[in-house]
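**Student:** Residue strings, one per chain:
There are 2 protein chains.
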Amino acid sequence: MQLLIPTSTRRLAPSKPFHLHRTSQCFNFGKNLILKRCYSQPKRGSYASVQPEHIHALRNILSNKTSLLTSIKGCDATVESVSESELDSFNVDWMGKYRGNSKVVLKPKSTEEVSKIVKYCYDHNLAIVPQGGNTGLVGGSVPLYDEIILNVGNMNSIRSFDEVSGIVTCDAGIILENLDNYLAEFDYTVPLDLAAKGSCQIGGNIATNAGGLRVIRYGTLRGTVLGLEVVLPDGQILDSLSTLRKNNTGFDLKQLFIGSEGSIGVITGVSLLAAPKLKAKNVAVFSLDSYDAIQRAFIKTRQHVGEILSAFEFFDQAGHRIQQVHSRNPKKIFDAGRDAAFFVLVETTGSNKDHDDQKLAALLEVLIESEIVTDGVLAQDTAQFTSLWELRETITEAAGKTGKVFKYDVSLPTSLMYSVVEATRKHLAELGLYKGEGSDGKVKSVIGFGHFGDGNIHLNVISDSYDPEVQSALEPFVYEFVAKHRGSISAEHGLGLQKAPHIGYSQLPLNVDLMHQIKSILDPKKLFNPYKFVYRPPLE
Amino acid sequence: MQLLIPTSTRRLAPSKPFHLHRTSQCFNFGKNLILKRCYSQPKRGSYASVQPEHIHALRNILSNKTSLLTSIKGCDATVESVSESELDSFNVDWMGKYRGNSKVVLKPKSTEEVSKIVKYCYDHNLAIVPQGGNTGLVGGSVPLYDEIILNVGNMNSIRSFDEVSGIVTCDAGIILENLDNYLAEFDYTVPLDLAAKGSCQIGGNIATNAGGLRVIRYGTLRGTVLGLEVVLPDGQILDSLSTLRKNNTGFDLKQLFIGSEGSIGVITGVSLLAAPKLKAKNVAVFSLDSYDAIQRAFIKTRQHVGEILSAFEFFDQAGHRIQQVHSRNPKKIFDAGRDAAFFVLVETTGSNKDHDDQKLAALLEVLIESEIVTDGVLAQDTAQFTSLWELRETITEAAGKTGKVFKYDVSLPTSLMYSVVEATRKHLAELGLYKGEGSDGKVKSVIGFGHFGDGNIHLNVISDSYDPEVQSALEPFVYEFVAKHRGSISAEHGLGLQKAPHIGYSQLPLNVDLMHQIKSILDPKKLFNPYKFVYRPPLE
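Here the protein sequences come in this chain order: X and Z. Residue numbering for the first sequence follows my numbering, starting at 1297 and increasing by one per position. Residue numbering for the second sequence follows my numbering, starting at 1297 and increasing by one per position.
None of these hints come from the bench; they were simulated from the model. Some hints could be false.
The list treats identical chains as interchangeable, and a pair is accepted whether it falls inside one copy or across any two copies.
What the hints assert, rightly or not - Each computed DSBU-like pair below joins lysine-lysine, with the alpha-carbon atoms no more than 30 Å apart: (1) K1821 - K1361; (2) K1697 - K1361; (3) K1780 - K1405; (4) K1780 - K1412; (5) K1575 - K1628; (6) K1649 - K1628.
Using the sequences and the accompanying hints, generate a full structural model.
**Tutor:** Written out as structure tokens, the structure reads:
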């Protein structure tokens, strides 16, 4: 049998920007909003507007003319003048949901350039949006108004690599896949894998504490990031770029910046513990009768293949049916189990294929004998490996083809995780909006799938349109359900602009207050990525 | 072959409190210092002294009379009056190096009691030392003066356990071994293992970001701690006790408290991701000719047994010889390789003993064929398992029997790690203090051993006495060497009282300033664990 590597996975489409806190007045974003919706947009802060003299000064900081793009007229010939639309790839998020109105994009080539830019902006009261690959899902990586965009994509070098320890140090702007390819030459891999790997950047991954598919194997970035270099909002360079696995000398400052979404500085350098790249891969899909059976299957799986487990994903019957309708792969790989209530995908990654095969076979036997699973299939070749992964990964795409999708990315305690789907179905049915899967109600389908091993479920509610009645039925219902069970309204996508107003569903007031104090220490002028994350307007 | 569990490992003896920053005046601790040494003791802060009326008020907060111990005379009969010496187990650290002079020990039984105590102390300007199992190595867990001791040992219940996810929530005062025993019933284990497990407490482990023997397998506590409940210095209860693996809703506040050494609050509750307990265990010891060979062995080991590797320890010839002289085990298990320059201990933990045996045998073959190792032995039974671990673990004990030991616990980039031993030998030789191993110089032996996989080496310099000349030769030499190579002067033991003045060797001024700002937010009166960690005296 060949060694098989799974195909890149498909990123889940982001949720739409629903507004939870009803206001008496309904704003709209005007030019700034692509997807128009009732939303109380934060007022523009009292920041300076970028003028030609700012452009001139910023240009003089940069070593290269092409590092500054501006649509502001009247600048001298030393800058790269572009049309407004040429800034779209920086002003608009990758899903086309959020549009900013920045007229200046800076693409510095060194930490020193970043530092000088930021210092200048600090002195001149200019707001900044740090930007990596701009693949975020919550409107966190594009401006809301005319903030300057500070894109680190031109900083993309490997600084050092220690082949013994697997510790790599690199610029923040290196694309995740490029970093992984570099490490692969030394039989290492980045301990992070997500669908946007071809365009997202490691600095942005860390700034958003990206989760993805391998958390069950490698843990989160909070354990694997060893050090960061950050330019603080006043332009100072914070060197916390340790390459050590153990360092107990004071507060671990880098943790503040992991998942800080560009709110307290811009990450310019990264030190990361790469994982040894093990080459034996297996994947199996099981069908199960109940959610309880998934939990029992998970326990058995960890017992039998614990040390080689690299994914434990699940999806429900409704999701599977939709996927089968829109399957790109006409050959039904798992037809026998198609009417099961639930499905689980187990992937293993190890150093010895024979051992892994035996372990997985033993697991399968146990699961079938104990009647935890009703059926199962184990990939025998590359094509089957890909086909089995598609059962899980093309659900999002299939949902999009089925109708308009209301999406929620939440964490819940494992035992309760699927109850958010059941409760939502019941609630929608009671309101007369849902009459069962594929019925003619306003809601055609309610599906649940996700990263079981991480307690992270994706709830998708599919309707014919983005019907306000459905939206009102879902919110705050879903958020309240999550809050009631001490879940998280954002498991891995962050707060950004979209969920910033809703932080109270997952964090208590004291916690939020403390977050604001941390923000205030580091960004007293609130210049960094305003209106998002834990933002409160500055005092006038 | 039987399934073997390694014996509990021996904790390394802590370093002595050397002073780096020479002062013109030499203080001594007087009554407070057990090991008298030149040291610039911080001045007592302008805190209130505990009076009988404080005792009375604090007693009224507590639900149980035995929760308050005091040696202050003149308190009423509702408190537990004890002699000063009866407070020694709280005032003196476990190595007998540091002695505080507290007259009050509080042992609350609930978070609410802790909160009320702390609020009272805040209002009355009383300083507090939070205390767990008091097994710290740097004088961080005992008072310096008369601070109130807040011991959480009476809070030791499991609050919840999710058998599917392995997430356990418990009080901070539960003893690590008790927690591990509880989890073992469900085939889980705490992802942390250290010699003090029989007396250290999980809250203290987290407050000091304890490392130990399993970092190579499970990573640090920064990845495995999911949530914390903390009583802040003003008495407010910070509930960050999430039981979720993924939660991207704002700054990850719990990270501030991991490794904060009681400086910004007292941890009262803990949520932790337990690891599945896999039962197949193997251990092997190899001899090698050079430090470079250890690095090559490590790469091969991760390739062959990567997913089951649970320890990769090393020690040098000097350490091995000392261990052999003082071995408790007269049967020499690895006599053949005794003259090798270095030794490596590899432990594996997996779910299938046959597979692990095969992998380890294959590794051994590769290591011998490629001449990376010169010899090796694989444990065949429980006795051999124990004996092989003793080769590594009794080095500390043997060093103590050989003479007085100057000890350093440092992190360095892997490739440079052993050079701290070589440089120290050279430096001492140049000063005429070291004439080779076992010679008649003031320094009899310089040995290096530690957690290779974590980049954490223990440098032990053995002398006939704690000779000031040797001390002056070692400090700041060792710290400067570590700083020059961007290492950490405290890999896993923390700063405490001992290393607080030396933070500058591993952290830049900007970083330290930021740490002070964080401290100031949370503990504006500097009441919590004063004089330690990132302490600066309060403004008068």
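**Student:** Is the C-alpha distance from K1575 to K1628 at most 30 Å within one copy, between copies, in both cases, or in neither?
**Tutor:** within (27 Å within a copy, 39 Å between copies)
**Student:** Using 30 Å as the alpha-carbon threshold, which applies to K1780 and K1405: within, between, both, or neither?
**Tutor:** Between copies only: 27 Å across chains, 47 Å inside a chain, cut-off 30 Å.
**Student:** For the identical chains here, do K1821 and K1361 meet the 30 Å Cα criterion within one copy, between copies, both, or neither?
**Tutor:** within (29 Å within a copy, 51 Å between copies)
**Student:** Checking K1780 and K1412: alpha-carbon separation at most 30 Å within a copy, between copies, both or neither?
**Tutor:** between (46 Å within a copy, 27 Å between copies)
**Student:** When Cα atoms must be at most 30 Å apart, do K1649 and K1628 count as within-copy, between-copy, both, or neither?
**Tutor:** Classified as within; 26 Å inside a copy, 37 Å across copies.
**Student:** Checking K1697 and K1361: alpha-carbon separation at most 30 Å within a copy, between copies, both or neither?
**Tutor:** neither (44 Å within a copy, 68 Å between copies)
Taken one by one, the earlier hints fail for this structure only at number 2.
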